[in-house]
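Undergrad: Put the complex together from the two separate chains, hints included.
Just so you know, the protein sequences line up as chains G and D, in that order. So in the numbering used here, the last one in the first sequence is 228, and the numbering has no gaps at all. So in the numbering used here, the last one in the second sequence is 113, and the numbering has no gaps at all.
A few of these clues could be false.
Unchecked claim - Below 30 Å or equal to it, Euclidean Cα-Cα: the simulated DSSO-like pairs (lysine-lysine) are:
{"hint": "1", "chain 1": "D", "residue 1": "Lys-79", "chain 2": "G", "residue 2": "Lys-182"}
{"hint": "2", "chain 1": "D", "residue 1": "Lys-63", "chain 2": "D", "residue 2": "Lys-79"}
{"hint": "3", "chain 1": "D", "residue 1": "Lys-16", "chain 2": "G", "residue 2": "Lys-220"}
{"hint": "4", "chain 1": "G", "residue 1": "Lys-163", "chain 2": "D", "residue 2": "Lys-45"}
{"hint": "5", "chain 1": "D", "residue 1": "Lys-45", "chain 2": "D", "residue 2": "Lys-84"}
{"hint": "6", "chain 1": "G", "residue 1": "Lys-182", "chain 2": "D", "residue 2": "Lys-12"}
{"hint": "7", "chain 1": "G", "residue 1": "Lys-182", "chain 2": "G", "residue 2": "Lys-220"}
{"hint": "8", "chain 1": "D", "residue 1": "Lys-45", "chain 2": "G", "residue 2": "Lys-175"}
{"hint": "9", "chain 1": "G", "residue 1": "Lys-220", "chain 2": "D", "residue 2": "Lys-72"}
{"hint": "10", "chain 1": "D", "residue 1": "Lys-79", "chain 2": "G", "residue 2": "Lys-220"}
{"hint": "11", "chain 1": "D", "residue 1": "Lys-79", "chain 2": "D", "residue 2": "Lys-45"}
{"hint": "12", "chain 1": "D", "residue 1": "Lys-84", "chain 2": "G", "residue 2": "Lys-220"}
{"hint": "13", "chain 1": "G", "residue 1": "Lys-182", "chain 2": "D", "residue 2": "Lys-16"}
Just so you know, these hints were derived from the structure itself, not from any lab. Computed from a predicted structure; not experimentally measured.
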Amino acid sequence: AQSVTQPDIHITVSEGASLELRCNYSYGATPYLFWYVQSPGQGLQLLLKYFSGDTLVQGIKGFEAEFKRSQSSFNLRKPSVHWSDAAEYFCAVRANQAGTALIFGKGTTLSVSS
Amino acid sequence: EAGVAQSPRYKIIEKRQSVAFWCNPISGHATLYWYQQILGQGPKLLIQFQNNGVVDDSQLPKDRFSAERLKGVDSTLKIQPAKLEDSAVYLCASSLGFGELFFGEGSRLTVL
Chain G
115 AQSVTQPDIH ITVSEGASLE LRCNYSYGAT PYLFWYVQSP GQGLQLLLKY FSGDTLVQGI
175 KGFEAEFKRS QSSFNLRKPS VHWSDAAEYF CAVRANQAGT ALIFGKGTTL SVSS
Chain D
2 EAGVAQSPRY KIIEKRQSVA FWCNPISGHA TLYWYQQILG QGPKLLIQFQ NNGVVDDSQL
62 PKDRFSAERL KGVDSTLKIQ PAKLEDSAVY LCASSLGFGE LFFGEGSRLT VL
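One chain only, chain D, in its complex shape (with noise of 0.2 Å):
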């Protein structure tokens, strides 16, 4: 069985720039979910989508951060202006109902 898949593994921008990540998760998963990990710390949930509807999103800095799931398969995690603090991994998951989670292996961001 295919795994979660993420891209690109790693991304350098400058600060200001914009970066997409995309994710393509387990078949047959209905949710899925972007995780914040920042360097030393625990991984944290920036978005979580039920087939294609926003479950969770209160930690997502919406001034900066948009994600969406297309036709409740793929989704796309956007940052658009980058700020330097959002230097981090981004963690793409996937689950049925209540089932354990099922991680990528990330997205590395590095913003100078």
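Just chain G, same shape as in the assembly (with noise of 0.2 Å):
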């Protein structure tokens, strides 16, 4: 069965400052890879996903991620935070079956300072 950990519960990043956000998979084959986020109030939004291919994907908002077989990660990243990144991120994982859910990790939720 499919896992995800997100080691990070809470991070503060300062305004400006690059972000990592961390997720760990576990699943036989090649997965494929997501990251949402969620806001205070509101559902989940898509910031990017992995299905095969370029392990290094592009997302919304200036997003992210990195799949690295070897390290069973698809780690989120931006270069300059915006105030308006403090939200809930959530990695997700699912196995290449047409049909099957995602497994979502906890989650981490990213707090901005000015």
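TA: Take a look at the structure:
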């Protein structure tokens, strides 16, 4: 069965500083990987996804993530954080079979200080 | 394109009462999911439908939770009787096959 670990519960970053959120997954084959963001009182919005091919994936809002098979990781990065990026970030994994559900990590709360 | 619609957005009930949540997925999306998100945790899958058939309901507490998807479109999730630990946000999502999941804004349930 698939599982996702997000080691950092809460991270605070200064506005303008770079950001990296960690995600480790467990799955026997190459999974489908996702990062979602959730603002307070809102649903989840997809930032980016990895299915295959180039291991560096570009997403919306200036985010990117890199799939590293050897480390079973899919870390999310942003070179310069904006105050509006403060939110909850979820990494998710999905088996590479049609119609399977996402398994989510517990999330990382990002706070941005001025 | 219209997104996933959910209602109600908020519901407060007493324990042992019943509640129902409704979801209308994106048009044409065959797969529909209900997730439970308890405060401070990631979403947990409750049930997955493919058209109007159940694909996975292994984590659905079937003694109190039920869900149906009529005609392969709208879905309803019911809790009866509710317990305090059912306080959570109930998220509905839909997808096309291998694609990403599109989420609604969720229904926040508070059980007193």
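Undergrad: Now tell me, hint by hint, if it's right for this structure.
TA: The hints, checked one at a time:
1. Lys-79(D) to Lys-182(G): With Cα atoms ~41 Å apart, Lys-79(D) and Lys-182(G) exceed 30 Å; violated.
2. Lys-63(D) to Lys-79(D): holds (10 Å)
3. Lys-16(D) to Lys-220(G): Given pair Lys-16(D), Lys-220(G) holds - Cα atoms ~27 Å apart, limit 30 Å.
4. Lys-163(G) to Lys-45(D): OK: Lys-163(G) and Lys-45(D) at ~19 Å, within 30 Å.
5. Lys-45(D) to Lys-84(D): Distance of about 17 Å is within 30 Å: holds.
6. Lys-182(G) to Lys-12(D): violated (42 Å)
7. Lys-182(G) to Lys-220(G): holds (20 Å)
8. Lys-45(D) to Lys-175(G): With a Cα-Cα distance of about 26 Å, the restraint between Lys-45(D) and Lys-175(G) holds, given a limit of 30 Å.
9. Lys-220(G) to Lys-72(D): Not satisfied, since the Cα-Cα distance of roughly 34 Å exceeds 30 Å.
10. Lys-79(D) to Lys-220(G): Since the Cα atoms of Lys-79(D) and Lys-220(G) sit roughly 25 Å apart, the hinted pair holds (cutoff 30 Å).
11. Lys-79(D) to Lys-45(D): It holds: about 16 Å lies between the C-alpha atoms, which stays within 30 Å.
12. Lys-84(D) to Lys-220(G): holds (23 Å)
13. Lys-182(G) to Lys-16(D): violated (46 Å)
In summary, the structure is inconsistent with hints 1, 6, 9 and 13 from the numbered list given earlier, while agreeing with the others.
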